[in-house]
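Participant: Sequence:
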Amino acid sequence: MPVNNPWVKYIDRTYEQIKAAILLRLGISNPEITDHSESNPLVIILSFFAGAFEMLGYYVDNMAREAFLATARRFKSVVKIAKQLDYRVKAINPASVDIYFTLLDASNDPINLATNTLIPAGTEVQTTNGTKFITTQSLVIPAGAYQGVVGAIQVVAQTGVVLGNSTGAANQAFALGTNYVHDSLGITIGPDVWIPLSSFGFAKPGDKVFIVNIHEDGIAYAEFGDGTFGAIPAAGNDIIGSFKTSIGADANTIQPQTITTLNTALVLPGVTKINVTNYFSPTGGRAYENIENIRFRAPLSLRTLERAVTYQDYIDVALLANGVGKAEVSYCCGSCITIYILPENGGLASLGLLNATKDFMCDKKIITTCVNIKAAG
Numbered sequence: 168m169p170v171n172n173p174w175v176k177y178i179d180r181t182y183e184q185i186k187a188a189i190l191l192r193l194g195i196s197n198p199e200i201t202d203h204s205e206s207n208p209l210v211i212i213l214s215f216f217a218g219a220f221e222m223l224g225y226y227v228d229n230m231a232r233e234a235f236l237a238t239a240r241r242f243k244s245v246v247k248i249a250k251q252l253d254y255r256v257k258a259i260n261p262a263s264v265d266i267y268f269t270l271l272d273a274s275n276d277p278i279n280l281a282t283n284t285l286i287p288a289g290t291e292v293q294t295t296n297g298t299k300f301i302t303t304q305s306l307v308i309p310a311g312a313y314q315g316v317v318g319a320i321q322v323v324a325q326t327g328v329v330l331g332n333s334t335g336a337a338n339q340a341f342a343l344g345t346n347y348v349h350d351s352l353g354i355t356i357g358p359d360v361w362i363p364l365s366s367f368g369f370a371k372p373g374d375k376v377f378i379v380n381i382h383e384d385g386i387a388y389a390e391f392g393d394g395t396f397g398a399i400p401a402a403g404n405d406i407i408g409s410f411k412t413s414i415g416a417d418a419n420t421i422q423p424q425t426i427t428t429l430n431t432a433l434v435l436p437g438v439t440k441i442n443v444t445n446y447f448s449p450t451g452g453r454a455y456e457n458i459e460n461i462r463f464r465a466p467l468s469l470r471t472l473e474r475a476v477t478y479q480d481y482i483d484v485a486l487l488a489n490g491v492g493k494a495e496v497s498y499c500c501g502s503c504i505t506i507y508i509l510p511e512n513g514g515l516a517s518l519g520l521l522n523a524t525k526d527f528m529c530d531k532k533i534i535t536t537c538v539n540i541k542a543a544g
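168 is the number of the first residue of the sequence shown in the numbering used here; add one for each residue after it.
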């Protein structure tokens, strides 16, 4: 609506304002029309136009609002803006927890072995109601000790899932559902293993790669190339996926000392029984990123390009790690930087989150810098 419109100013947005402005101008341009009541057919027509102008203004305002990350209210709009910023919306972050393993003898007493005892990574434990956790690292209980602690995450492995059948078309997408764990998908098509990427930007026509995107409908999809950027799966082939699923934030409510069942059969010389438990509730579980998460992290990703150089970069990049809610840096001089973190949704950072964040930062830091990740609080 032009600013120099003598009938309606650009600040006149509501039906009442628009109608009042038109009637005021009508009294100046056509003083002979003195009847401005609703019984006048002209006033009735003007009322119709005032209503139409208000509706058009509403749509114009909404279009302007949804075009900017800071003001958009619709998830669909925020996801589209994030894609323009080359920001990948994150899927579920599983809750993590510290699991304590205690070695017992036949009398259920703690036993101190003369050699180290290995609890392998991927050991599965569960709560009394069946919620499963998997350890993220191997645990070595040293000789002379009977207990050790290791981080675990709340995930369930899904293997050999047929995601769909390729049609041979460009830009195919296959749904992964709403409980898919971020960056956990592996794909095989026939005898070939396809490689996950964060973008098709550097993929060649024959590269057997895929990406995972959260679409506007809030569902994760495995996407394939168009033959120019990334290869197209041959028609008729099944797309076989292996990935992890999680209940996300619901796992944060699990109470201490309720993860007590060891599902993985471990044969340890000299050990009759292994007790497992959690002394704290899991933390950091989160569903797919919502509007506020994306609004906060997308500008950080764009500003840092996910490379930590300055003091503030290390804070901002740490906040991009999945599951990290707050971060602060302790640095004076030298080549080592300590980053203190808190998980999303509060609580203390578990060993699993600390290790995952360190792995994330090791790929983003300067090569000559060492990074230590510690729990704040």
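No wet-lab data here; the hints were simulated from the structure.
Treat the hints with caution; some may be incorrect.
For lysine-lysine, the following DSS-like pairs were computed, each having C-alpha atoms within a straight-line distance of at most 25 Å [said to hold, decoys possible]:
{"#": "1", "residue 1": "Lys493", "residue 2": "Lys541"}
{"#": "2", "residue 1": "Lys250", "residue 2": "Lys371"}
{"#": "3", "residue 1": "Lys525", "residue 2": "Lys541"}
{"#": "4", "residue 1": "Lys493", "residue 2": "Lys440"}
{"#": "5", "residue 1": "Lys250", "residue 2": "Lys375"}
{"#": "6", "residue 1": "Lys299", "residue 2": "Lys531"}
{"#": "7", "residue 1": "Lys531", "residue 2": "Lys541"}
{"#": "8", "residue 1": "Lys250", "residue 2": "Lys440"}
{"#": "9", "residue 1": "Lys531", "residue 2": "Lys493"}
{"#": "10", "residue 1": "Lys299", "residue 2": "Lys250"}
Participant: Look at each hint and say if it fits the structure.
Facilitator: Comparing the hints with the structure gives:
1. Lys493 to Lys541: holds, 12 Å
2. Lys250 to Lys371: Roughly 21 Å separates the two Cα atoms, so the pair holds.
3. Lys525 to Lys541: Holds, because 9 Å separates the two Cα atoms, which is no more than 25 Å.
4. Lys493 to Lys440: violated, 39 Å
5. Lys250 to Lys375: holds, 22 Å
6. Lys299 to Lys531: violated, 31 Å
7. Lys531 to Lys541: At roughly 17 Å apart (the allowed maximum being 25 Å), Lys541 and Lys531 satisfy the hint.
8. Lys250 to Lys440: Violated, at roughly 51 Å.
9. Lys531 to Lys493: holds, 18 Å
10. Lys299 to Lys250: violated, 34 Å
Of the numbered hints given earlier, the model fails hints 4, 6, 8, 10; all others are met.
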